[in-house]
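Visitor: Read off the chains here:
Number of protein chains: 2
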Amino acid sequence: MAKEEKQKPKTNIVKPSLPQGTRDFGPEIVRKRQYILQSIQSVFELYGFQPLETPAMEQLETLMGKYGEEGDKLIFKVLNNGLDHPAKEVTAREGFEKLLSGKNVKELTERALKYDLTIPFARFIAMNHGVLVMPFKRYQIQPVWRADRPQKGRYREFYQCDADVAGSRSLINEAEFISIYQEVFFKLNIQGCEIRINSRKILSALAEQCGGQHQLTPITIAIDKLDKIGPDKVKEELLQRGLSSDQIDTIEKYLSLTGSNNEKLIALKTLLPSSSQAGEGIEEIEYLLQVNEKMRSSNDRSTLLVDLTLARGLNYYTGVIFEVKAPSTVTIGSIGGGGRYDDLTGTFGVEGIPGAGISFGVDRIYDVMEELQLFPDSVEVGSKVLFFNLGAAEILASFSLAKELRKKGIACELFHEQAKFDKQFKYAEKKNIPYVVIIGSTELEENICTVKNIKTGKQDKIGFAELGDFLVKA
Amino acid sequence: MAKEEKQKPKTNIVKPSLPQGTRDFGPEIVRKRQYILQSIQSVFELYGFQPLETPAMEQLETLMGKYGEEGDKLIFKVLNNGLDHPAKEVTAREGFEKLLSGKNVKELTERALKYDLTIPFARFIAMNHGVLVMPFKRYQIQPVWRADRPQKGRYREFYQCDADVAGSRSLINEAEFISIYQEVFFKLNIQGCEIRINSRKILSALAEQCGGQHQLTPITIAIDKLDKIGPDKVKEELLQRGLSSDQIDTIEKYLSLTGSNNEKLIALKTLLPSSSQAGEGIEEIEYLLQVNEKMRSSNDRSTLLVDLTLARGLNYYTGVIFEVKAPSTVTIGSIGGGGRYDDLTGTFGVEGIPGAGISFGVDRIYDVMEELQLFPDSVEVGSKVLFFNLGAAEILASFSLAKELRKKGIACELFHEQAKFDKQFKYAEKKNIPYVVIIGSTELEENICTVKNIKTGKQDKIGFAELGDFLVKA
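If you read the sequences in order, they're chains U and P.
Numbering of the first sequence is given in our numbering, commencing with residue 1027 and proceeding in unit increments.
Numbering of the second sequence is given in our numbering, commencing with residue 1027 and proceeding in unit increments.
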């Protein structure tokens, strides 16, 4: 390690820093994140989902206009290279003027960092649907970028973790998504999650009841805010959006339906009696409840809850919608969501491909697991063994022994230089390495070594030939 | 799958495409890439290296000036957001004028995509060296971006896969790097790789012999091209760079030293007799050969070769250098490289931290394995079982059976809709799913199912309760 006095900062050296809203992940954090991601991935695989990876950069035109006006502004655009080339100067100048007026800027930038995994997935399907086996079930675990104002829990670069099926209208998909959520949270040992479901068909029927389909967007936007602003402010907002007090009454009744899942659905049938849309939505939810009841095992630690106040702001959902709430013992909120959409690729000129999907909020799941101390100790383990370095001949023997251990799957290190015991012990302690193997000149002559368990202090003399078996069991 | 006639391309819809030089990785390719990356990662872990992840974006100033003038031009810069905001217009305009004259453009862009993994690693060490346990051994497997002209085998987004140790001058690190190379290629079943080593100290001694240290750069650049342009052109280039014919004679002798590893080193001692630098370099290589001899097992399938013509263009190497050549049966060339450097973080104002590292060329290793057909069949397997869908009641039973299978680690799918046998068989065939489970109304009554092996055509009647055990063994 560099001593302080050795550092003579040169002039013009800027103290290095990270871009706002981005993070380095050191070993411990990577391991914990990998534990979450691999758990989710293994469940996706068990359900027949296959991996897909798309590039970080997409054509700017692939992304623009897909996330609303606000979204467009949050897309990170990548500068075209070679702009200082004289031939490009004129067009670049035009592009820059456009940029300043908030317009398309192809002359300056043609590429952008992906903003989510859904549009790249849709782009992939639109380009390849002719050769893919449909339904195409894919999962995708990759970073995305958003130029949002960074704040606690909100980053400019973060992972999304999605599973979607394209090319199927079957409710079997929704049933399996619910099951995937349950298995993942079981695997991660997160107890007490609520998987909430509703249907855009029901919300759509509610909008009909309140004057027509044009009311759907204002109603979903308002309902979506219920958690944050409370029922009174929702009413206020609906008034401002021009709904009559009769209509608002209906919505109020709808939002206050309570009871068990079945009680809610029965009450709903009374509230929206004549709507075939509502009927469809209710039937679908009933089917999912039935499958869930059938598949439920004593292992499952999450509940499936009909939540009629669930709206999910995104306009492209058309059927069942999901949202997962973290256990109520932590105040972390939503840790996943998704739903069914009718049209995945229409925006790319390929119609008739419906789909459904879910996602996991990895950063928030990480926070839940930290807060509830759910990461198993084994996640953080690096090397199991440190070979002490007590001289050139001794370390030479360690090379071969270490190789044998590694063949048996035991991670180990050789201390990099001959040093005092104390220094080598400290290294092992700081790195949480549980065993040290000591080979001095006497040991070397006798082909034995001393194995010390750092925690218990217990020491054993072990023959070279037995070291592997001893440490596999240790 | 959408029928062709269903597609009515709307006006204004641009056919979606990928940015030049970038790739989608579909399921088969992701699985094969993961196989390579996980093999390498597991070996890194066995040697005590720990994972690190840094963001895709770095501050522009962290990257600029680190890769030479040519490199700077290949850095992808990210546009600052909110440039169309009136308050920012003036500074943006200044930035743009600078951009056109090829200067720093902070007003227009402050962030860039990382160009390699070494500078971000150095930046991380410079920011955190006070709290890290040194030596710090990290591996990093992440994409990097370069605005190179795309061509066969060269992409604008590609993965790098590096292991480095910071804060240690010990040769033990180099010895372990050689061992890591050997174990990875053994694990991937790539036979006949050559791990070539040389030392910048030897090259430096050669430069001394040829007139001084100022000759080191022209000599290494010329030698580096030996493979591509041949010895005559190298001589020509050295002449042009102002070396005398005596000096070129020495270099020619140096380049033509042949024989076994030891013979080469002995001849080298005669050629550069009085140089203490050469002596050190030779001694270090001898040590690595000795350790390698000691650790070698009959399993090892790569050779360690002293290659005095190895130079590695990068100026920051100062000691032992590595390069791995793919088996001579494929014409793919270098699939890895690295070396020792004296100063990792000086450019960030933190001095006294030396290091060494190696990297694996993932894309090229992929090509080697494809060409030699080395991917095991198991890599490509997705789901093992498809449950046929022969009706609502039948599929309801399948949900629970599938859940049981998944508990046993068997990936399976339910066909998404009731359909003819033929259609469901075709889906299984196209997706390479080896077993189908058929539950019709008769089977459902009797709590049994028919399991069919698609390849052999063999059918078995299995009770629901025995299905899991049957398929685990199948």
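You may find that some hints are simply not true.
It does not matter which identical chain is used: a pair holds within one copy or between any two.
List of simulated lysine-lysine pairs, DSSO-like, C-alpha gap at most 30 Å [as the list claims (entries may be wrong)]: (1) K1410 <-> K1213; (2) K1487 <-> K1456; (3) K1290 <-> K1410; (4) K1487 <-> K1041; (5) K1320 <-> K1478; (6) K1429 <-> K1499; (7) K1320 <-> K1433; (8) K1254 <-> K1099; (9) K1058 <-> K1452.
It should be emphasised that the hints constitute simulated quantities derived from the structure, not laboratory data.
Please read all numbers here as calculations on a predicted model, not as lab measurements.
Visitor: Each of the hints needs a verdict: does it hold here or not?
Guide: Hint-by-hint comparison with the structure:
{"no.": "1", "hint": "K1410 <-> K1213", "verdict": "both (25 Å within a copy, 21 Å between copies)"}
{"no.": "2", "hint": "K1487 <-> K1456", "verdict": "within (24 Å within a copy, 58 Å between copies)"}
{"no.": "3", "hint": "K1290 <-> K1410", "verdict": "neither (55 Å within a copy, 39 Å between copies)"}
{"no.": "4", "hint": "K1487 <-> K1041", "verdict": "neither (50 Å within a copy, 70 Å between copies)"}
{"no.": "5", "hint": "K1320 <-> K1478", "verdict": "between (52 Å within a copy, 26 Å between copies)"}
{"no.": "6", "hint": "K1429 <-> K1499", "verdict": "within (17 Å within a copy, 33 Å between copies)"}
{"no.": "7", "hint": "K1320 <-> K1433", "verdict": "between (45 Å within a copy, 16 Å between copies)"}
{"no.": "8", "hint": "K1254 <-> K1099", "verdict": "within (24 Å within a copy, 48 Å between copies)"}
{"no.": "9", "hint": "K1058 <-> K1452", "verdict": "within (24 Å within a copy, 40 Å between copies)"}
When each numbered hint is compared with the structure, violations occur for hints 3, 4.
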